[in-house]
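As they're listed, the protein sequences go chains A and B.
Numbered continuously in the numbering used here, the first sequence closes out at residue 817.
Numbered continuously in the numbering used here, the second sequence closes out at residue 817.
Each pair may be met inside one copy or between any two copies, as identical chains are not told apart.
Straight-line alpha carbon distances no greater than 25 Å define the calculated PhoX-like cross-link-like pairs of lysine-lysine that follow:
| # | residue 1 | residue 2 |
| --- | --- | --- |
| 1 | 697 | 637 |
| 2 | 653 | 471 |
| 3 | 595 | 689 |
| 4 | 689 | 624 |
| 5 | 617 | 653 |
| 6 | 469 | 664 |
| 7 | 595 | 469 |
| 8 | 469 | 326 |
| 9 | 804 | 231 |
| 10 | 595 | 471 |
| 11 | 701 | 689 |
| 12 | 232 | 804 |
| 13 | 478 | 664 |
| 14 | 412 | 279 |
| 15 | 626 | 706 |
| 16 | 471 | 754 |
| 17 | 653 | 488 |
| 18 | 754 | 469 |
Calculated from the structure, these hints are not laboratory results.
Fair warning: this is a prediction, and the values are worked out from it, not measured in the lab.
Protein chains: 2
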Amino acid sequence: EQTIPHCLTVEAIESDPVFSQENQYFQSQNERYEAAVRRAVYLQKKIREMGWSETGPEFQYIYRCLSGDVALLLHRVFIRSISVLGSDEQIAKWIPLATDYRIIGSYAQTELGHGTYLQGLETTAVFDTATQEFILNTPKISAMKWWPGDMGRSATHSLVFAQLYVHGKCYGVHPFILQIRSLQDHSPCPGVTVGDIGPKMNFQHTDNGFLRLQNVRVPRENMLSKFCEVQPDGTYVRWGSQKINYFTMTSVRIAILPGEVILPLMKACTIAIRYSAVRRQSKLKPGEQEAKILDYQTQQQKLLPQLATAYAFHFINTYLHELFNRGYQDIQGKNFDSLPELHAFSSGFKAMVSQHCTSGVEICLRACGGHGYSLLSGLPSLYTRIIASCIYEGENTVLFLQTARFLIKCFMAASAGQPIPPSVTYLSSVKPGKCPAKDKSDFLSPETYLKAYEQMAIRLISSSAAKLQHLIQSGVTKYEAWNQCTVQLERAAKAHCHYITVKNFVETVEKLDNKAGIQKIMKHLCDLFALHGIFTNMGDFLYDGYLTAAHMDLVTASYLDLLAVIRKDAVPLVDAFDFTDKNLNSALGSYDGQVYQRLYEGARRSPTNQQGNPAYGKYLKPLLQNTLSKL
Amino acid sequence: EQTIPHCLTVEAIESDPVFSQENQYFQSQNERYEAAVRRAVYLQKKIREMGWSETGPEFQYIYRCLSGDVALLLHRVFIRSISVLGSDEQIAKWIPLATDYRIIGSYAQTELGHGTYLQGLETTAVFDTATQEFILNTPKISAMKWWPGDMGRSATHSLVFAQLYVHGKCYGVHPFILQIRSLQDHSPCPGVTVGDIGPKMNFQHTDNGFLRLQNVRVPRENMLSKFCEVQPDGTYVRWGSQKINYFTMTSVRIAILPGEVILPLMKACTIAIRYSAVRRQSKLKPGEQEAKILDYQTQQQKLLPQLATAYAFHFINTYLHELFNRGYQDIQGKNFDSLPELHAFSSGFKAMVSQHCTSGVEICLRACGGHGYSLLSGLPSLYTRIIASCIYEGENTVLFLQTARFLIKCFMAASAGQPIPPSVTYLSSVKPGKCPAKDKSDFLSPETYLKAYEQMAIRLISSSAAKLQHLIQSGVTKYEAWNQCTVQLERAAKAHCHYITVKNFVETVEKLDNKAGIQKIMKHLCDLFALHGIFTNMGDFLYDGYLTAAHMDLVTASYLDLLAVIRKDAVPLVDAFDFTDKNLNSALGSYDGQVYQRLYEGARRSPTNQQGNPAYGKYLKPLLQNTLSKL
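Required output: the full structure, derived from the provided sequences and hints.
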């Protein structure tokens with residue numbers, strides 16, 4: 187039932203010149219920023235006119251149409267945070283102002299010296315009983331807020347996270363609503379130093395900002411107080427659960443996956459596979475026409491596993507959303523039991539999906555040779571943007587180690603015969619053995635490869651747990667022992683996520699049994715995803731002897747066979763991602779395959795050809811004019 | 187004896203405002219281009235004034251100082267090509283003009299539709315006996331020259347590669363000197379369409395160009411004719427060896443490695459390791475100060491192997507240059523026997539070194555978290571530039587397969603008892619067996635790990651050869667059989683290059699026996715490089731049973747121990763790369779470690795903070811002014 191608004195939205199957005207991304211590759215940081223603010227403001231107007239929902243599927247379609255290239259997205263986070271963490275009075279005061287864009291908000295958490303470790307934030311908010319105000323300060327340079335989007339040039343307000351001090355005692359990090367710019371002329375408020383952090387690898391459309399505070403005062407009512415409050419006499423009161431904050435972070439990590447992480451891989455696959463079906467190079471057989479590069483085994487080995495990965499992650503995304511929704515229902519019923527599992531899954535999968543998608547986009551870029559390197563291909567901007575997803579919302583190594591901590595706990599519980607969450611019950615089924623496969627076709631049986639993945643994940647988790655225990659028993663402190671195991675723990679967490687992804691792909695394919703044609707091709711992709719994982723992580727699979735070298739020969743043979751099978755359907759499989767040419771914005775990836783024509787058109791539109799040569803008159807002409815007199 | 191010119195040159199260049207790279211991260215494509223041309227022209231003047239050599243070590247120092255950010259480098263290739271391929275008359279006419287910059291040359295080989303496969307070039311040069319001219323044409327859009335540096339906006343001349351036709355017969359690709367722009371006003375010559383190909387992922391300072399030719403005529407004398415000639419009546423004559431062209435490509439692949447590929451990895455290591463010794467995050471022990479991130483095992487595991495790799499490649503570069511110089515001496519003595527080996531080595535090592543260095547720079551970038559993503563860190567520009575080295579001068583997969591072809595030939599020859607080049611004699615020593623190591627310290631013996639690498643490389647090469655033979659014997663055509671083995675052949679070529687790199691590192695360390703202190707730390711790095719390779723390619727080593735799972739536990743233990751050992755010397759080891767702060771141009775990598783101060787200074791200098799807000803008056807003010815009337 188979401189087809190109709192989708193079509194309508196896409197058409198309305200794509201046909202509107204304000205939303206055109208045609209000149210994006212030629213724009214400066216300033217031009218990108220201006221265009222993105224223009225879009226944001228115009229979009230809000232359009233959403234109202236059209237009666238679209240700001241929080242429903244329409245906004246997702248719009249976001250997809252615009253490739254996220256729109257400003258004031260942090261304004262939305264500002265609104266959401268106040269809704270979740272604010273008291274009724276705070277919501278009544280601030281939400282209408284923000285919803286009508288009569289103020290523009292941002293979200294200021296990260297500092298120059300502090301990212302992932304929130305407890306270490308250094309901004310202070312000291313309560314002054316005399317004036318009933320909080321006095322906010324940036325005590326040193328590393329405490330400056332740094333990176334918040336929409337803050338550098340746009341926002342009038344910001345939700346600032348600071349260490350709360352009352353009567354000299356620190357109560358930890360709390361959020362405060364702070365006006366940072368004049369509503370009259372947009373100049374910084376007294377005590378506020380604010381600006382843009384300068385050029386980045388991408389996100390030129392976002393004014394990531396810095397913020398330095400010197401004795402900035404806000405009234406007592408500006409500390410968000412749904413769950414805690416500083417009373418007029420300075421008494422600190424907390425009620426409700428702090429765990430709900432935990433849940434917000436979890437939800438954001440899952441929420442970014444489809445649009446910010448999986449979609450770019452789908453786009454990169456579409457571009458690289460369509461191009462490889464058009465581009466010809468060298469001859470496979472003498473006397474013949476040059477071959478399409480997609481017919482080379484090495485090109486298939488680069489691109490087709492990325493295609494399978496895009497589908498695998500599309501399905502794991504559904505799995506994660508279902509897991510999340512079940513957890514959310516529990517929480518609404520005041521049952522917080524699923525939080526550790528949700529936290530572990532959102533952390534590990536955010537890390538795994540962003541890592542694989544980033545490396546997949548890079549592979550697609552490099553597989554297009556020199557032309558992939560042109561911005562006109564669309565691939566450089568996909569890459570330089572997606573790589574940020576490995577860092578934001580939690581650095582991936584830190585996140586994998588969160589997952590590992592959960593897995594180790596579950597493994598220990600299982601070993602002690604205690605109950606563990608359903609998603610990790612496989613940890614209690616340690617049964618060493620040998621894989622029974624005898625023929626390469628045996629590795630097209632999901633049962634065979636799932637078992638191999640399961641064994642591998644259990645072994646990595648159990649051996650990390652054993653090393654950890656051994657170190658602690660031999661007198662190493664708990665913290666140091668943990669640090670000494672982290673390289674192996676990270677590997678274990680990755681293995682777990684990889685296994686769950688394969689398992690979920692298999693289960694998704696099984697459910698397609700009423701669509702035989704689709705099921706067949708999805709089965710091929712599932713097999714490819716699984717066997718590619720074994721082929722490229724051979725050591726982890728060979729290590730414990732469940733698979734032997736002879737098995738690896740069978741895996742390799744099956745895997746290489748699959749490349750040739752899927753090659754036939756590769757183009758329809760990317761067409762199914764359903765990107766319009768405007769949305770792809772790629773000279774190499776257009777539906778009609780006119781890649782050379784489009785590269786040439788793009789070059790001619792480039793400012794370097796539209797403007798004069800800035801170096802000729804000043805530097806080249808004086809040299810060359812000597813020539814004329816002599817030649 | 188190269189220390190004195192180095193110091194003088196570096197100082198003279200770095201203190202000159204024309205060569206300053208201070209504002210580079212804020213510049214547009216046009217600004218970067220203009221600055222690069224200015225530098226090139228000024229540099230030529232300076233080189234003459236100072237009496238430096240254009241081809242000697244001084245130019246290498248200058249290139250390092252300027253991080254290659256200078257225009258008219260292809261002009262140098264134009265000059266070199268004429269010197270090598272031109273007749274005495276051609277050299278006498280063109281070299282003085284070019285050396286004095288009275289003409290500006292470029293090198294036009296690659297076409298829109300043709301890169302690696304030079305035989306497929308489509309530009310034509312038809313000899314017209316009547317006028318004694320060649321008529322050059324771009325018969326279709328895919329035949330346009332595309333990518334040549336210095337051609338888009340600067341060059342007056344170009345060395346154009348085209349298929350030579352005489353009396354209707356094609357004689358293959360030949361180079362022609364072509365004037366493309368007026369010396370009077372720089373406008374394109376009649377029949378010439380020329381321009382810039384537009385924005386790229388980096389190389390904004392280079393005017394990579396396109397060139398379309400319509401019946402452009404050049405005199406018969408403009409075909410470079412040291413080795414072949416079209417005589418006035420159209421008779422085609424060839425003399426001398428064609429193989430010398432082959433040798434030029436080989437030399438370029440080796441020549442780019444130090445400056446374009448290994449140096450960026452050294453810079454990235456310097457930045458990331460210095461930053462990690464300053465940045466603190468989370469606590470290793472409760473109650474303590476937050477820990478330096480370089481003290482986390484996972485951070486060591488990211489960065490220290492890159493450091494070891496930078497040293498390994500520094501040494502393999504020396505090895506390749508020696509190999510090349512020996513080959514060059516042979517060739518001067520008319521002995522071309524070493525050409526296949528040189529070709530195979532230059533191909534495989536260009537591919538391996540560029541691949542590892544690119545991935546190493548990316549690891550360094552990601553290991554710096556959010557701040558690595560800021561252009562001010564210097565890491566994004568290192569990454570977006572080095573990734574091009576995986577594509578230019580031969581796409582890496584194609585190059586690895588060239589090496590594989592050589593290895594297969596040598597392996598077959600060795601199996602048949604025929605002589606093979608000294609660098610691959612290990613291929614004849616196939617002796618299956620088991621590794622004798624019993625303790626983790628055994629894996630700190632080069633003999634132990636070298637043997638493991640040797641076994642692994644031999645096995646990958648021999649099994650690819652076996653599969654190839656098997657396919658051909660079972661009736662698959664030779665070309666198709668080759669294609670079906672390419673995934674494995676590429677892996678075999680990588681294994682060979684990896685083995686040679688480890689071996690050369692071991693031999694280099696052995697030669698340091700008169701410098702005990704340096705030898706000790708280099709031995710650690712060599713061990714780390716070798717064991718990291720085994721740890722991350724476990725499958726290739728476990729596969730044939732020479733190493734067992736129990737050995738892998740020893741390798742892992744030794745490898746993790748080494749991380750903690752090398753961590754102590756990590757900062758001095760990057761200091762030894764000897765980059766000045768100006769050259770690194772990184773807020774995170776400066777010698778004094780004042781990273782936050784430098785990020786803040788950089789942000790304040792950004793045009794986004796120097797110029798007004800382009801979106802405020804037009805889009806934000808109208809919204810916010812409503813607020814004032816209501817608040």
